[in-house]
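A.B. asks: Protein chains in written order, with full-length UniProt numbering: chain A, 1 to 387; chain B, 1 to 387; chain C, 1 to 387; chain D, 1 to 387.
Calculated directly from the structure, the hints in this document are not laboratory data.
Each statement offered as a hint is correct.
Any copy, or any two copies together, can satisfy a pair, since identical chains are not distinguished.
Calculated cross-link-like contacts (lysine to any residue; reagent style SDA-like; alpha-carbon spacing at most 20 Å):
hint : residue 1 : residue 2
1    : Lys-249   : Ser-231
2    : Lys-249   : Pro-234
3    : Lys-249   : Gly-219
4    : Lys-49    : Asp-61
5    : Lys-186   : Leu-319
6    : Lys-186   : Ile-22
7    : Lys-186   : Gly-305
8    : Lys-345   : Ala-106
9    : Lys-51    : Phe-6
10   : Lys-49    : Asn-185
11   : Lys-51    : Arg-8
12   : Lys-249   : Glu-381
13   : Lys-77    : Val-39
14   : Lys-51    : Lys-186
15   : Lys-51    : Gln-35
16   : Lys-49    : Leu-59
17   : Lys-51    : Met-95
4 protein chains.
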Amino acid sequence: MTETSFRRLRYAMVGGGRDAFIGAVHRKAIALDGQAELVAGALSSSPEKAKASGRDLFLADDRNHGDWRGLLDDELKRPAHERIDFVSIVTPNHMHFPVALAFVEAGFHVVCDKPLVHTRAQADALVDAVARMGTVFGVTYNYTGYPMVRQARDMVRSGVLGEIRKIVVEYNQGWLATRLEGEGNKQAAWRSDPAQSGAAGAIGDIGSHAENLVATVTGLEIESLCADLNSFVPGRPLDDDGSLLLRFKGGARGVLIASQINTGLENDLRLRISGAQGTLEWRQERPSELTHLPHDGPKRILTRGAPWLCESARRASRLPSGHPEGFIEAFANLYGGVIADIRAKLAGTAADPLAADYPRVEDGARGVRFIERTVASATSEAKWTAW
Amino acid sequence: MTETSFRRLRYAMVGGGRDAFIGAVHRKAIALDGQAELVAGALSSSPEKAKASGRDLFLADDRNHGDWRGLLDDELKRPAHERIDFVSIVTPNHMHFPVALAFVEAGFHVVCDKPLVHTRAQADALVDAVARMGTVFGVTYNYTGYPMVRQARDMVRSGVLGEIRKIVVEYNQGWLATRLEGEGNKQAAWRSDPAQSGAAGAIGDIGSHAENLVATVTGLEIESLCADLNSFVPGRPLDDDGSLLLRFKGGARGVLIASQINTGLENDLRLRISGAQGTLEWRQERPSELTHLPHDGPKRILTRGAPWLCESARRASRLPSGHPEGFIEAFANLYGGVIADIRAKLAGTAADPLAADYPRVEDGARGVRFIERTVASATSEAKWTAW
Amino acid sequence: MTETSFRRLRYAMVGGGRDAFIGAVHRKAIALDGQAELVAGALSSSPEKAKASGRDLFLADDRNHGDWRGLLDDELKRPAHERIDFVSIVTPNHMHFPVALAFVEAGFHVVCDKPLVHTRAQADALVDAVARMGTVFGVTYNYTGYPMVRQARDMVRSGVLGEIRKIVVEYNQGWLATRLEGEGNKQAAWRSDPAQSGAAGAIGDIGSHAENLVATVTGLEIESLCADLNSFVPGRPLDDDGSLLLRFKGGARGVLIASQINTGLENDLRLRISGAQGTLEWRQERPSELTHLPHDGPKRILTRGAPWLCESARRASRLPSGHPEGFIEAFANLYGGVIADIRAKLAGTAADPLAADYPRVEDGARGVRFIERTVASATSEAKWTAW
Amino acid sequence: MTETSFRRLRYAMVGGGRDAFIGAVHRKAIALDGQAELVAGALSSSPEKAKASGRDLFLADDRNHGDWRGLLDDELKRPAHERIDFVSIVTPNHMHFPVALAFVEAGFHVVCDKPLVHTRAQADALVDAVARMGTVFGVTYNYTGYPMVRQARDMVRSGVLGEIRKIVVEYNQGWLATRLEGEGNKQAAWRSDPAQSGAAGAIGDIGSHAENLVATVTGLEIESLCADLNSFVPGRPLDDDGSLLLRFKGGARGVLIASQINTGLENDLRLRISGAQGTLEWRQERPSELTHLPHDGPKRILTRGAPWLCESARRASRLPSGHPEGFIEAFANLYGGVIADIRAKLAGTAADPLAADYPRVEDGARGVRFIERTVASATSEAKWTAW
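Work out the full structure: start from the sequences and follow the hints.
C.D. replies: Structure representation (structure tokens):
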């Protein structure tokens with residue numbers, strides 16, 4: 001083993017400065033396990049805010065940049081023992097593509113928030129670049145980092161439920177039930193601006209998580225879909241609510257609901273998968289429970305931390321059962337996978353698949369296609385829009 | 001007041017003999033409040049089973065009939081002080097129409113199980129007959145008898161949620177996940193036989209409850225719908241699973257799911273209604289709780305029996321809060337409404353609307369239309385099928 | 001088989017008139033299964049109210065009595081084919097003893113509400129009379145009628161939990177948190193009056209249910225106890241709150257809490273039993289669920305109506321799983337047991353123990369002892385008061 | 001403001017090496033907010049394990065010590081800009097006293113795990129030293145770091161519940177239901193060894209958390225208590241289960257249960273507080289919910305992250321509602337308080353009370369008294385043992 005396991009990795013962040021939400025989550029998630037440290041950044045599109053944000057985070061002045069190109073240039077000039085091992089991109093959506101592509105082309109490993117990019121062409125370009133450069137590229141579909149999602153994946157894929165028949169996935173929030181974007185809320189503003197958010201609102205922001213959750217747990221591919229997208233809040237140019245009927249290859253059927261106007265609901269991502277032999281239910285707001293309803297026996301509640309879980313779920317857990325883990329731990333599990341993959345590359349070895357368990361650029365590209373197909377269906381008079 | 005309030009009403013039952021399920025529920029529901037007693041019956045399509053069933057229920061021999069026409073003929077010959085006040089029809093679906101029509105045409109009040117009849121033409125004929133004869137006609141969409149459904153209705157209609165935007169209603173069961181109809185299960189057999197059940201399986205059997213629940217609580221009318229119906233169990237001629245996108249007049253959107261192949265789920269009817277000001281959630285399996293999520297305050301759990309509920313909910317309750325009431329009480333509330341209406345007719349007075357609160361023949365007719373439109377959509381290539 | 005199975009049993013009720021609570025529950029519970037009918041009564045200590053109440057219930061005038069002695073005298077004069085098969089006593093506590101003793105001594109079967117009587121001497125006298133007369137005597141510790149309590153009993157007694165170590169039983173209500181008895185509330189008034197209620201308030205009214213629940217499920221006997229009884233509401237002469245430490249023969253330890261000043265709690269009876277191999281949890285407010293936590297596997301939720309429950313639990317159920325049953329059904333299960341026992345006596349056969357499953361006079365007597373020992377401990381300076 | 005807010009604080013850890021549990025939790029909690037970094041340690045009582053553990057954590061060799069005295073000596077020799085700002089003590093209980101006293105006497109700020117020390121004399125000595133030296137001293141009663149515990153404290157203390165009457169606190173675990181200490185489990189071994197754990201087992205390990213939770217939320221003082229302590233697992237010298245009746249000054253009454261033999265239960269700390277106007281319920285396993293049951297209105301579920309919470313609860317939250325936070329965040333909140341207090345001392349200013357919100361050495365001392373009084377009561381024949 002090389003020296004790489006005896007040091008923390010170094011990372012930079014693009015976006016995530018003052019007023020941002022998700023950047024701090026990424027940083028806390030990375031800090032949790034002490035395997036990487038923030039050494040550089042371009043933390044805002046506003047140079048002043050970027051610098052001030054970097055000082056908040058104790059960045060050295062010469063690594064605290066006013067824009068991402070400055071960061072990239074500077075890193076390329078630094079010696080290997082100072083240079084970052086990866087960059088974390090947590091900007092609004094429209095910046096994902098140029099930043100990610102530039103860092104990948106420069107040979108850096110990347111973690112990028114979702115949805116990956118705006119268009120399928122961008123997604124394809126990014127997939128190609130990652131393949132060409134051989135870099136690690138993680139997409140933070142963070143909900144798949146929960147241990148009990150991994151347990152669900154293991155149970156579905158090992159056939160515990162039998163043939164999958166019906167999938168219902170919902171992602172309900174209420175925070176955009178009023179026109180927050182008109183009241184100076186930065187989070188609401190960029191999400192409801194097509195130039196920054198892309199062709200979709202709720203479907204892109206949270207529907208893509210729902211799509212990824214289904215794909216991750218079941219491995220099933222969507223064959224066709226039928227979407228109804230709505231914009232309930234007057235003056236909002238993008239959807240704030242959507243419902244889809246789904247048909248999967250192989251015969252399973254599904255429903256996907258994503259809504260940000262469900263007043264009073266907080267972050268209600270939930271999944272129900274029924275197979276011929278049983279059903280699984282999981283809810284993000286009680287992430288440490290997975291309910292298994294066998295067709296021929298009592299309901300079982302599996303909880304995080306139990307010794308009878310699959311190895312993938314057990315590894316994704318830091319505390320004994322009953323000691324609540326949450327959102328940041330799930331995030332940290334994705335970063336743990338990325339870091340394991342980077343360490344393997346640094347060491348010139350193959351990564352342990354159980355360790356390097358995180359959504360890849362291809363998952364991000366599939367999510368972009370999901371958004372595009374959903375928007376196409378929403379404006380079509382045909383019942384089914386092919387994938 | 002006439003003498004009618006000083007006596008129990010008399011009723012007959014058609015169907016509901018040995019091996020039946022729902023007939024006993026009707027009888028227990030009626031018995032609960034002691035306002036009516038079973039005096040006659042034609043309890044099965046098999047004359048021998050009908051007679052044996054009547055003896056189980058302590059029917060007098062001369063009022064224990066082998067077929068429903070014999071019952072009707074006999075009742076018409078009896079003097080007023082012996083004659084039944086109403087008949088309860090709890091046969092498989094295909095018998096609802098001839099029996100109900102005959103009793104209505106003969107001037108009897110009727111309670112009939114759902115779905116009302118097989119076709120819109122039959123439904124129209126029945127609505128006409130009831131209007132012409134002026135009889136009381138209740139349809140046992142029993143889930144609307146729960147006190148907290150009535151509370152939800154009151155809150156939605158009085159504007160607590162603001163303008164309604166999104167409705168998600170699900171009715172999930174797992175008991176038909178295997179081919180029970182091939183194993184001698186009578187309940188499964190008639191439900192999956194088009195001749196007895198009609199054009200739909202799960203959508204008719206339980207989807208119609210979901211439709212009625214939405215209509216009752218919100219008063220909204222469906223404008224168009226988009227249905228995907230499936231039959232997962234090999235050899236089953238009717239749907240055992242369905243999902244619909246709904247568009248309501250006035251702009252609300254919805255999803256309706258009805259499935260009988262959700263392994264491990266029991267009787268999971270649930271409703272979520274989001275308006276601009278708040279959301280309501282209700283689940284049949286915890287019927288005494290209604291969750292209200294205001295947009296601007298903490299979640300509230302309203303429970304049956306509390307003094308701050310609306311009068312309609314308070315009247316529908318027999319026990320103090322915390323003393324569980326259930327399915328039979330909800331059923332009994334519908335019968336309570338029918339009986340109040342019959343007593344008013346006997347007394348020649350107008351019924352108290354809060355007392356005579358039950359689904360009418362028109363609700364049954366709307367349910368038939370829902371089934372028909374859903375089946376039409378399921379075979380259409382157009383996205384939206386108009387109501 | 002004699003003719004007795006071909007007729008409904010006849011019963012009378014003492015107490016339970018207008019303004020009463022529990023009498024109506026008894027009547028509804030009996031009506032539910034149609035195996036017995038109310039034919040006579042002395043429904044209140046006020047003759048006028050008794051008569052008016054009887055008319056509400058459609059009693060014949062000559063069987064509608066102004067006092068219980070009149071009822072008893074009249075029944076003794078009637079021919080066997082008219083005479084009641086049993087009497088149901090639902091008066092305030094202080095009347096249980098004279099009424100029950102008189103009917104037993106006259107050879108009638110009796111169902112009596114709890115707590116049975118005021119003193120151990122009365123309890124002994126009643127136990128003796130029942131033994132001497134050979135009558136059926138049921139005590140309506142209704143919570144043991146729930147199917148999942150019977151399932152818990154079966155699991156504990158068949159060793160699923162291993163050796164029992166710790167028992168925590170709570171019965172929390174909030175309705176007496178203010179001085180309702182000073183505001184004309186009849187239920188509150190007699191419960192807080194020592195002359196009508198006996199030596200204890202909350203401990204007698206609801207603590208006795210908790211004691212019975214533990215005894216029924218576990219079969220364990222209390223060896224000694226340590227009680228702290230309190231009266232929080234000024235001017236209330238009896239306890240409205242109590243907590244006990246319990247030591248059971250054989251080494252198990254326990255805690256019993258009974259309180260009627262737990263503001264906002266409704267009827268929160270709950271039981272947790274831990275053995276060396278697992279734990280069971282049950283809550284009256286969700287009576288159809290029994291949670292089993294094995295030491296070495298995932299939590300299991302057993303639900304009413306499932307085919308894998310014990311026969312005793314299955315028999316105590318009327319509806320499929322997921323169709324909520326409640327308080328009245330549990331009550332009806334006790335009456336079902338009493339009626340099965342009476343039918344067996346009428347037929348001169350031995351009752352099926354699985355059918356004749358109900359709390360006996362001895363259970364009532366043990367409950368009286370529990371109250372007496374608790375009150376003794378509450379005024380003792382010794383830590384442990386022997387049973 | 002001094003430069004101190006522009007740098008991370010430096011800390012050392014004593015204990016918490018390989019095989020330990022809670023040390024890693026402390027480190028993750030501190031890392032979460034990026035306000036302090038681990039620069040030195042003596043991570044095990046075994047010098048080799050200590051060194052190996054330090055290397056795992058990327059400690060510099062010259063600050064990676066084989067024993068705590070070496071660490072202390074070294075720190076005292078270092079210049080201010082290298083020296084630690086505080087030490088975190090996460091050893092088994094018996095080492096808390098000597099280590100904490102030595103660091104306090106040397107003028108270092110300290111965070112120490114609970115229970116604080118073995119005896120009241122030790123506790124008094126530590127309280128004196130802290131007062132004399134003016135150092136910051138935090139005790140990681142971590143459950144008080146949950147936002148909804150702070151919300152409960154605010155509601156109770158501001159009178160929302162009215163006069164407090166009844167308190168029920170339970171802390172149930174099942175992991176010590178078998179003799180794990182005989183199977184090489186290090187966590188079980190030291191906890192059941194009186195030399196390392198002190199005079200109590202479960203009551204010290206988890207009962208002390210329950211005591212602290214009640215004291216923190218209510219501010220009430222125990223007047224007298226009555227304890228039953230048990231050791232169910234053969235061969236275990238300390239209690240693994242205990243139940244107490246509590247009497248508080250001012251008239252409130254309570255029950256405290258702490259058990260580690262509740263098979264199947266995970267980390268079930270729960271609190272219920274009833275006052276004259278309402279009840280609060282909180283469960284550690286669902287830490288982001290606080291249930292408020294007003295006497296005169298529907299149940300309310302308050303959730304972490306809502307804008308209507310008190311400022312103390314709002315400040316203790318890092319993510320929007322619905323994004324689960326857990327155990328580590330609660331821990332981090334205590335460290336946040338300690339760090340705020342240290343920063344204020346470094347700056348020579350008074351700490352913001354809302355920021356410097358953490359359990360102090362006096363809370364630890366009161367916990368030691370609680371254990372001592374409980375053990376005294378358990379062996380007493382008197383009902384009540386005075387505080």
